[in-house]
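S.K.: Sequence:
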Amino acid sequence: EMADGLDAQTAQRLARRAQQDPRRAAAVYELGIALREAIWGVFSALASGEVPREVDLGLIGDAAAAGRARERLVYDRNGVGWSLPADGDALERPLWEVACSAADLLTSPELDRVKECASTTCEWVFLDRSKNRSRRWCDMSDCGNRAKARRFHAKKQAARA
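Using this note's numbering, you'd call the opening residue of the sequence shown number 9 and step up by one each time.
Since the hints were made in silico from the structure, they are not lab data.
What follows is a set of in silico ranges between Cβ atoms, one per label pair, in the way DEER data are often shown:
id : residue 1 : residue 2 : range
1  : S116      : Q27       : 36 to 46 Å
2  : A16       : R141      : 33 to 43 Å
3  : M148      : A74       : 34 to 44 Å
Backbone N, C-alpha and C define an ideal beta-carbon position, used for all residues, glycine too.
The whole structure should be built from the sequences, with the hints applied where relevant.
M.R.: Here is the structure:
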């Protein structure tokens, strides 16, 4: 079973490690928040045609480089690829994986598929993998449904007037 990209055994091992070193765990937690904000800032800027902040790119790059430095070539059912060692207990491991994924997308041809949600109340960015690149909302059942319901309600009100 996977929990946000970590198998249960690795997640438990990291939780024990965090309990053993709560000060380090708190520092990694703060770094995680900063990394989350940097990733959002970079993708949000790019999705709206702006230049991302250098400090955000630097934070993502540093975390990705730290993870890449620990990766090893492994063979699995998908073939040969890079992976962090399964037995690693560095508390930063989840951050490295996220940063590496972000860096991979930032340097991939799919970067132009990153979009901002069209909802005025949502700030999410998403990867539009629709065939014709026409997706507008982060989640059709949430933001998309609300937008369509508002339009329907407005049309209904206009028809009554």
